[in-house]
Amino acid sequence: MLAGLVGLRPEERRGASVAFLTIFGILSAHTLLETARDALFLARVPATRLPWVYLLTAGFAVVLSLSPWRGRLRVSGRYSLAIVLVFCSIVTLAFWALGSSRHTRVLYALYVWSGIEGSLAPLEFWLVLTEKYTVTQAKRVFGVVGTGGLLGAVAGALAARLIVAEGSPSTLILVAAVIFALTGLGPALLLRRPAGEGSASVAATWASTFKQTLEVGRRNPYVRGLGGLVLVSTVALTLADYVFKSTVARQVPAAELATFFASLSIVLNTLGFFAQLLLSGFVFRVLGLHRALMLLPLLLGLGALGVAVGAGVAAALLMKGADGTLRYSVHRTGTELLYVPLPDGVRSRAKPFLDVMGQRGGQALASLYLLAEATLNRGDAVTASAAAALCVVWVVWAQDLRGLYLNLFRAALKEGVVQARANLPALDLGSLEALFASLNSRDDPEVLAAMDLLVEQGRVRLIPALILYHPSPLVVRTALQHFARSGRVDFLPIADRLATHGDPEIRAAALRSRTAVQGDEALFRRAADDMSPLVKATALTGLMAMGVATPAEREALRAMFEGGAARRETTLAVARVIREDPSPVFVGPLLRLVEVPEVEVQVLAAEAMGRIGDDRFLPALLPLLAARHTRQPAREAFLTYGAKGLGFLDEALQDPSLPQELRRHLPSTMSFFDAAEAARVLERRLLPEADGMVRYKILRALNRLAQRPEVRLDAAILGQATTGTLEAGLRLLHWRFVLERGAREDARRKVAGHDLLISLVADKEAHATERLFRLLALRHRGENMKGIYRGLSSANPKVRAGSRELLENLLAPPLREGVLALVDDAPLEERLRRAAPVYPAEPLGYEALLARLLEESGESLRCVSAHLVGELGLLDLRKHLEVMRSAQTGFFLARVAEHALSLMSRGGRKPLHV
Amino acid sequence: MFETPDAPPREGLSSLERMLVLKKLPSIGALPSADLAVIAEVARERFFPKGSLLLAEGEAVHAVHLVVEGAVEVRRRGVVIGTVPAGYALGALGIFSGDPFDVDAVAVEDTQTLEIEADLIFEVFEDRFSLMHHILRDVSRQLIDQIVDLRLDPARIFPRSPEVEAEGELDLVDRIFYLRRMPVFSKASINTLFEVSRGMAEIRFPPGTTLWKEGEAAPGVFLVTGGRLRCRSAAGLDFEAGPGFPLGAAEAMGEVPRWYDAVTQTTVTGLQGPIETLIDVFEDNFELARSYLAGMTRGLIGTLEVRYQRGGGVPALGIAGSTDTSGGTPRPSAPPPV
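The listed protein sequences correspond, in order, to chains X and Y. Note that our numbering numbers the first sequence so that position 534 is 534, with each residue one more than the last. Note that our numbering numbers the second sequence so that position 170 is 1084, with each residue one more than the last.
It should be emphasised that the hints constitute simulated quantities derived from the structure, not laboratory data. Treat each hint with caution, since some may be false.
What the hints assert, rightly or not - Below, simulated BS3-like cross-link-like pairs (lysine-lysine); rule was C-alpha separation at most 25 Å, straight line:
no., chain 1, residue 1, chain 2, residue 2
1, Y, Lys-964, X, Lys-750
2, X, Lys-798, X, Lys-786
3, Y, Lys-1101, X, Lys-786
4, X, Lys-798, X, Lys-132
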């Protein structure tokens, strides 16, 4: 029942039960021992000596936390908790044997021991648990476990009450020892640490343990923050406790103290138990971890303030009531949850220190304060004021810790993330030397690489013109191109010599560079008689570019361009020349060049168009975006048009008559324009766009643009898109549930089409989830939503839990519930139940769903549903198939419907699926 | 075993020098500098003294090493099968295929490398699909080179489905069922397969039809769903293709001309589509692209195995393979399969 209340998964139930029993044993034994201690101590020693005992306890506990014993214990095996509990049993038994009630010194020792045991056993217990569970599991399991602890405390208090009614308080010590032994040799043996955990780093000496612990604290601000929280809360709680006990000691006769404390313990622990059972989960769910942690200091502070201003017993009861109700329920569970995100190595080193130093150190600090107060004799009101002030610090501290807590998950997700963009490296003297050395290399790729890098660094002038004598034609052609584009003229004498080079490609390249930099009519006329069509066309185009081509030369070029064996070389030559020396005179030829089938020519034409910038090119450039090889030059050409280019693309995006193969590339192209303007245009299309693929591409483009800080996005549009996408994802989840349930109800439904439909729905669900996270990334731009999204499907359960935890903290209800339901790994029915606030799943049967899919869904779902209907022979849905076949549903749907009808009439499955 | 000593023999490479190293690689050197800058950024300099082990036989490969200085010897069961000189990559095939590699790689002189972890490589590929596309093209080209050079039967090299003939005309759903049987698509999402299927046309050819001739452009792929074809090349290749064979995929992806004549022996049916569709699908479905790359890389490794078994030299590789397909001056051949 308890498991059901807190939503434990079946696989978690055994571990949670064992942990429940273990902490039940530990806390019942501890309560018995504590009751005996308080009764025996306060009966023989005045309450004013309590601060000294606190100090003594703290001193011993700190020494113990810094000793290397824990490391050795943890290396010794996976049964560290069982060993600790048996040890506690033996020591406790020794106190009983020593006759604790007879000697004051033994009473001091018993007090100290109960404090050490009270730290030691729960510490080891929680360390084992935090190693075993992820933060997501811990939120479910720790609630149950905490209930076990409180029940144990209640049971211990009840037992103490019964025992002291019949016998002496010393008997309580014996019973506590027995319970420690039973727990250590019983459930604790089953509560083992995960294999391989915790033994990685074990310090051998006191010094190294201390050093390692300090190092962990120094490097990790979260550990420091956590330590501070434990310290502040302990001091505040100790002061409040003192104020309360001081009052009790004054007002309750010594002989009745044992009964009083036992009774009080029962009441408080019962309250704590119900708080844990009924309140804890609700508080964590509604308030979140960090706000839940503020509950105790707020109530405690209120009570302490009441005592300080003289509100009397009512305020004192509020203070103690808050302490007793919340300390071991909400506060304890919450504090343990704060340790979960720490890496195992850090936690195993830090937690003992923080628990002991925080708790015992806090007690020691409080004791010092109390001793000072005892000397000053200012009364409990001052101490209560100090407790109230510390509660304020506690609240602020808990709030501050939230950021560090989330950063732990963020850091875990950031590991391995690569920046997709990197700036080109700067040129320094060392790099320059390396590049010059490479220019002299015998290895052509190295020479080309060095030239490319110099060009990219804007240092073309550093490339020596003599490189044109390089034996590699590729190096020479590349150098000529770089020189021509840079506007250099010092290379022209060598380039002119290359006009008679044996390689026509080099001759043409030399002419092109001449055209681009400084035309030479005589040179071009001579080259116009070249045997190579490539060189000839280059020369004729050069003459045209110079505006000196004769009608005969123009006609000769046109003839070459129109056809014949040299058409391909001619178009290439013309395109290359125009690319290097673009001019409005070439608008006509470029519009023709862009339509030739050769990709290289199209690329050159697109590049030239971008450099000329005539409006007539815009429609010609558009189709080039559909093809991979021409896409980039076409994009760059569009960019040169600025706002006009963006506007043209926006109109194209709104034109549903354009093929999807083209439209899907428009958003990405638009994302290269001015980021703010492109984002504004694209987000406007996010909701109205009907094509899912194009919508997805818009989203991707917006994700890219959102990396720029100047981009502002419309929260209303994003909110609407997020809600719609979440609903779509949950609807698919619902459909998958209906399909799976349908197959469970009737195994005959489990045919190939059924499996295919489930796979398709699951794919679409995954796709909807991806789109949802892309939208969330736009809404939470500082967050690594990509990392969270990936983390949710990580093989590492701790990374998955970390992603989930971040989502829980970043999103607000009701979106949070919907998103968490969509990404959860709980059974589908449970997820749908949790998603109800955003997606109330209506009752839907298997065949009703198929009918709906046939009528309402997209093409792929309709196709597979139709196939499944045929395969299952669902005659009631035959009409749907007939409508699908006859209506204007498109080629693919009609054909699938036809096949499904045929399958239905055959009443069997096609062999293809077998 | 893979630890790097603290003191490298020379000062670290500047970012520009790293770029220079990358630009020299035949396979990726032609990529835009913005792409190479990303790789240069994630690469880590490593130094291996003479005798250090870079890869161990039978172990999974976790990183690519671009050899900057020095040389690495590749050995199988102690026998040297090749050397990776400066300017070449080690480990790429292991990473792309996802399989352990059956070689040791030992630095034969003090060697400096640029190491890029596998996860980072795929992370970069996913963010910059142009890189992934480049590698797909490169691996496809090298696979063809090896098949042609060794005169192998591609039917034994390409990953494909069992020979099951499809019955009758295939509607969109039938196509999904058919594609799912192909190893490369077996883990693809159904949504993705719909996209692929929609971009393909079902075509039927009578016996004796020439689908294409050697040397023609290769714009697309023909997935045989029924019947048989005979494929012959001028270089002496002669093989048969049947149902499940992705005819023409390698050259279409590699953007090289058809390398054999394809003639139907029987009535042949198949799904024909432009490679552009598949590449667009890859861009939006990175895992599918990765799976395709793994399949092609395993094919390439298979050819290198054959070369090794025949006692021939195994070419050194750029990032994925070795032969310079960019049209530049061919590099001197060096041995090892990496």
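Going through the hints against the structure:
Pair hint Y/Lys-964 plus X/Lys-750 does not hold up; C-alpha atoms about 61 Å apart against a cutoff of 25 Å. Restraint check for X/Lys-798 and X/Lys-786: the C-alpha separation of about 17 Å stays at or below 25 Å, so the hint holds. A distance of roughly 23 Å separates the Cα atoms of Y/Lys-1101 and X/Lys-786; the hinted pair therefore holds under the 25 Å criterion. Taking the CA atoms of X/Lys-798 and X/Lys-132, the gap is near 10 Å; set against the 25 Å cutoff, the hint holds.
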